[in-house]
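**Student:** So the sequence lines, in the order shown, correspond to chains S and F.
Per my numbering: the first sequence = residues 1 to 339.
Per my numbering: the second sequence = residues 1 to 339.
Hints in this document: simulated from the structure, not taken from any laboratory.
Check the hints yourself; a few may be wrong.
Same chains, same label: a pair holds when it works inside one copy or across any pair of copies.
As the list claims (entries may be wrong) - Straight-line Cα separation of at most 27 Å, DSS-like style, residue types lysine-lysine; simulated pairs:
#1 K138 <-> K263
#2 K98 <-> K190
#3 K175 <-> K203
#4 K305 <-> K98
#5 K83 <-> K190
#6 K190 <-> K82
#7 K203 <-> K190
Number of protein chains: 2
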Amino acid sequence: MDEMIKIAVDAMGGDHAPAEMVKGAVGAVALRQDIKVYLIGQQDRVKEELAKYSYQGTQIEVIHAQEVIETAEPPVMAIRRKKQSSIVLGMNMVKEKKADAFVSAGSSGAILVGGQVIVGRIKGVERPPLAPLIPTKKGVSLLIDCGANVDARASHLVQFAKMGSIYMENVLQVKHPRVAIVNIGAEEEKGNALVKETFPLLKNCPDINFVGSIEARDIPHGEADVIVCEAFVGNVILKLYEGVGATFLSMVKQGMMETFRSKVGALLVKPALKKTLKGFEASEYGGAPLLGLNGLVVKTHGSSKAKEVTNSIIQCVTFKEQEINEKIRKNIGTSPMEE
Amino acid sequence: MDEMIKIAVDAMGGDHAPAEMVKGAVGAVALRQDIKVYLIGQQDRVKEELAKYSYQGTQIEVIHAQEVIETAEPPVMAIRRKKQSSIVLGMNMVKEKKADAFVSAGSSGAILVGGQVIVGRIKGVERPPLAPLIPTKKGVSLLIDCGANVDARASHLVQFAKMGSIYMENVLQVKHPRVAIVNIGAEEEKGNALVKETFPLLKNCPDINFVGSIEARDIPHGEADVIVCEAFVGNVILKLYEGVGATFLSMVKQGMMETFRSKVGALLVKPALKKTLKGFEASEYGGAPLLGLNGLVVKTHGSSKAKEVTNSIIQCVTFKEQEINEKIRKNIGTSPMEE
Numbered sequence: 001m002d003e004m005i006k007i008a009v010d011a012m013g014g015d016h017a018p019a020e021m022v023k024g025a026v027g028a029v030a031l032r033q034d035i036k037v038y039l040i041g042q043q044d045r046v047k048e049e050l051a052k053y054s055y056q057g058t059q060i061e062v063i064h065a066q067e068v069i070e071t072a073e074p075p076v077m078a079i080r081r082k083k084q085s086s087i088v089l090g091m092n093m094v095k096e097k098k099a100d101a102f103v104s105a106g107s108s109g110a111i112l113v114g115g116q117v118i119v120g121r122i123k124g125v126e127r128p129p130l131a132p133l134i135p136t137k138k139g140v141s142l143l144i145d146c147g148a149n150v151d152a153r154a155s156h157l158v159q160f161a162k163m164g165s166i167y168m169e170n171v172l173q174v175k176h177p178r179v180a181i182v183n184i185g186a187e188e189e190k191g192n193a194l195v196k197e198t199f200p201l202l203k204n205c206p207d208i209n210f211v212g213s214i215e216a217r218d219i220p221h222g223e224a225d226v227i228v229c230e231a232f233v234g235n236v237i238l239k240l241y242e243g244v245g246a247t248f249l250s251m252v253k254q255g256m257m258e259t260f261r262s263k264v265g266a267l268l269v270k271p272a273l274k275k276t277l278k279g280f281e282a283s284e285y286g287g288a289p290l291l292g293l294n295g296l297v298v299k300t301h302g303s304s305k306a307k308e309v310t311n312s313i314i315q316c317v318t319f320k321e322q323e324i325n326e327k328i329r330k331n332i333g334t335s336p337m338e339e
Numbered sequence: 001m002d003e004m005i006k007i008a009v010d011a012m013g014g015d016h017a018p019a020e021m022v023k024g025a026v027g028a029v030a031l032r033q034d035i036k037v038y039l040i041g042q043q044d045r046v047k048e049e050l051a052k053y054s055y056q057g058t059q060i061e062v063i064h065a066q067e068v069i070e071t072a073e074p075p076v077m078a079i080r081r082k083k084q085s086s087i088v089l090g091m092n093m094v095k096e097k098k099a100d101a102f103v104s105a106g107s108s109g110a111i112l113v114g115g116q117v118i119v120g121r122i123k124g125v126e127r128p129p130l131a132p133l134i135p136t137k138k139g140v141s142l143l144i145d146c147g148a149n150v151d152a153r154a155s156h157l158v159q160f161a162k163m164g165s166i167y168m169e170n171v172l173q174v175k176h177p178r179v180a181i182v183n184i185g186a187e188e189e190k191g192n193a194l195v196k197e198t199f200p201l202l203k204n205c206p207d208i209n210f211v212g213s214i215e216a217r218d219i220p221h222g223e224a225d226v227i228v229c230e231a232f233v234g235n236v237i238l239k240l241y242e243g244v245g246a247t248f249l250s251m252v253k254q255g256m257m258e259t260f261r262s263k264v265g266a267l268l269v270k271p272a273l274k275k276t277l278k279g280f281e282a283s284e285y286g287g288a289p290l291l292g293l294n295g296l297v298v299k300t301h302g303s304s305k306a307k308e309v310t311n312s313i314i315q316c317v318t319f320k321e322q323e324i325n326e327k328i329r330k331n332i333g334t335s336p337m338e339e
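One chain only, chain S, in its complex shape:
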């Protein structure tokens, strides 16, 4: 029992909670017998969902949480006041080493605040970045940071590059991940003040495989594995990615329904098209880790279904097995950047 990897899951967060969260947890324990999942939430509702499935009873435990943090609540207040919420309870479990990781599809703001305030940073880590995977033509890239760290400094971005490299190398098994910084041109002299300051630091950083600037246009082509930017820009990239993709898809669908001829064609095209576009989905890799914490916190999409929840739990297992935090601790601690 003691060797089990323990994952706490917010059963109440997300659009399809608790049903899909519970289903995702059941899916994860079916895949791995060496993990234990704590489902945190309103126990009556969670148990009602759990009753629908059969699973190894010792692998799932329900932990009651009286309160729920709503997406619209101001995060700092919510974390401070709702001590009995699933998010605060889950974060506390990680802090107290009762869980190795916490997965939530709930309020991004509360997760970011809770991660920093409750779980706390690894010594030497200046700011913990939120690093979602985004789909590309070649697979996925890690976009780091999309979190709360707006107006970051150059030293933060260097740490993001290092943590992102460790993550991609060990969790996604990408050898010598290519690190690029988001810029408005390929040349070294291009950019805003932050990028100009960060560029030479990344270039001289021995621990990473820095390949230079990446223009936003080239991100979907998969030209880099770790895409470094400050959180405002990262957030814009992440959300525009979703927005343009969704708009484009809806226009393709609309176009196909335009005429009788196109409707017939749509029926024929659909299966192959669906298969191809499935590749342009990042959810199968799990959620976005909040890196650099004393433990692991993973934010999954608010719209997460069971499969993404299962994948996020498995992602936490890999994170633990690959000793990512030990590697971050070692790398950031001994870094010449740190003085």
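Given the coordinates of chain S, assemble chain F onto it according to the supplied hints.
**Tutor:** Coordinates of chain F only, in the frame set by chain S:
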């Protein structure tokens, strides 16, 4: 003759110069008899192209330019040294009021530098923004600024909002254009330091219809007519828009070629799909104006074909007819922001 609107066109800039530039100019004078187009470039090559068409001879004049500024050249140097380039000659014509506007598909950097250094700013305008139109589900939005003004200040963004409103209202005939600022959340307290400082200024600006923050996800839905941001973020939005769109389209095409069944379907779907996706093209509205100058400079896509060139010339005509610069001069000059 004196009442003619005079447009200078860089015949040498862009991937398809001079052929498509010349063809576009011929297209424009066919549409409007009250305009005169100056084609600036290597005269032998330009005249050779011109000889392919019939047009009203007095409406097109070729002006010889010995030099060409290449896309890769450092812009400041290029503008300073290549006095006989099509870009410098065109800018000088605008400066000397020999032309009302200059259209180029050449080096963005050289166009931005030339606009500021040669044509010069309207008194009171702190920085001239480059403002492309981006396609949305509902039509187009003006993305302002995508230019060279990285690390902008709040007062710059307020001017962008005003100039963008004037442009959308008068050139695109959008009544009371909705102005939004790019942000990472909808609430007023969200954002980086620049957005937090700018938000209340826009809110209290009497000349614009400010609707608050816009998240990148909602940009493709057309939730705002004027989308205000500083140039680094604007550049990321513009290029990611193109990148995700192009990647998505290539994946759709690839998906359709996957099986025999899908290939047959693709043939049936193609005409309707093409028609729908054409709506998601901004080039029919012309190029990106560099606003706030003593004249007009329009940057068109490097990949511009004749139609976009024609549209850009017509856009310059509307700009002149609607007296946009007089409106900007009046609005920025009398603004309470200016003190």
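**Student:** Against each hint, give a clear statement of whether it holds in the structure.
**Tutor:** Taking the hints in turn, this is what the structure says about them:
1. K138 <-> K263: Answer is between: at 23 Å across copies they meet the 27 Å cutoff, but 31 Å inside does not.
2. K98 <-> K190: Classified as neither; 47 Å inside a copy, 34 Å across copies.
3. K175 <-> K203: within (19 Å within a copy, 49 Å between copies)
4. K305 <-> K98: Within one copy only: 26 Å inside a chain, 63 Å across chains, cut-off 27 Å.
5. K83 <-> K190: Answer is between: at 24 Å across copies they meet the 27 Å cutoff, but 47 Å inside does not.
6. K190 <-> K82: Result: close only across copies, 22 Å inter versus 46 Å intra.
7. K203 <-> K190: within (15 Å within a copy, 32 Å between copies)
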